[in-house]
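Colleague: Below, each chain spelled out in residue letters.
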Amino acid sequence: GNSVTQMEGPVTLSEEAFLTINCTYTATGYPSLFWYVQYPGEGLQLLLKATKADDKGSNKGFEATYRKETTSFHLEKGSVQVSDSAVYFCALRKYGNKLVFGAGTILRVKS
Amino acid sequence: DVKVTQSSRYLVKRTGEKVFLECVQDMDHENMFWYRQDPGLGLRLIYFSYDVKMKEKGDIPEGYSVSREKKERFSLILESASTNQTSMYLCASTQTSGNTIYFGEGSWLTVV
Chain A
1334 GNSVTQMEGP
1344 VTLSEEAFLT
1354 INCTYTATGY
1364 PSLFWYVQYP
1374 GEGLQLLLKA
1384 TKADDKGSNK
1394 GFEATYRKET
1404 TSFHLEKGSV
1414 QVSDSAVYFC
1424 ALRKYGNKLV
1434 FGAGTILRVK
1444 S
Chain B
253 DVKVTQSSRY
263 LVKRTGEKVF
273 LECVQDMDHE
283 NMFWYRQDPG
293 LGLRLIYFSY
303 DVKMKEKGDI
313 PEGYSVSREK
323 KERFSLILES
333 ASTNQTSMYL
343 CASTQTSGNT
353 IYFGEGSWLT
363 VV
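These protein sequence lines map, in sequence, to chains A and B.
Last residue of the first sequence: 1444 (my numbering), numbering continuous.
Last residue of the second sequence: 364 (my numbering), numbering continuous.
Pulled out of the complex, with its shape left as it was, chain A reads as follows:
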């Protein structure tokens, strides 16, 4: 079946540190891949996406590359800010627009 595995958190970093949140997936076919972010007290917002192998999604300094050979979609940012503190969800889209989510990774950035 389809599933998404994310690294467990919480991840605690100092401001300006490099961020990597690992995400791997299992799927039949070639799903679209997404990163969503949830700030405290809010719903989910789309952060970035990639629809085919080797695509790179990017937004707000975050990047992730769709790697078919390793079935991965790791999220990276070169220099995190306190305002990036949130929960990050990796997801894949199945047929019918249904999303399958990972468990989420809490990111805490200290000043």
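Treat the hints with caution; some may be incorrect.
Ranges of calculated distance between the beta carbons of each label pair, as one might list FRET restraints [to be verified]:
no., chain 1, residue 1, chain 2, residue 2, range
1, A, Val1415, B, Val304, 43 to 51 Å
2, B, Arg266, A, Leu1379, 47 to 55 Å
3, B, Ser334, A, Glu1349, 44 to 52 Å
4, B, Lys255, A, Gly1342, 23 to 31 Å
Please keep in mind that the hints were generated in silico from the structure rather than gathered at the bench.
Backbone N, C-alpha and C define an ideal beta-carbon position, used for all residues, glycine too.
Fit chain B to the known structure of chain A by using the hints.
Modeller: Just chain B, lined up with the frame of chain A:
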């Protein structure tokens, strides 16, 4: 801007009560979804609807039902609330072409 509105942000209900969670979207989207979010489990799909009066079970439909009488509104119903349904509930919508899926702000439900 697309808006997905969940009318109740915080609810406290008693065991056995019937609970309605309402979701309205303003972009004429065909597809609508209900997820529940629990720590360590991420989001899990409860029900979804491809269009008006159409509904299909997701991964965890037990204890829930839904109603889609109008295109813009998708309701989640807990017929008899139980404590294990204490959770955050998120509504989402998208066009059938599914370019971007938009989420509401969530409804925190506590069943006591």
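Colleague: Checking each numbered hint in turn, tell me which of them this model violates, lowest number first.
Modeller: When the structure is compared with the hints, only number 2 turns out to be violated.
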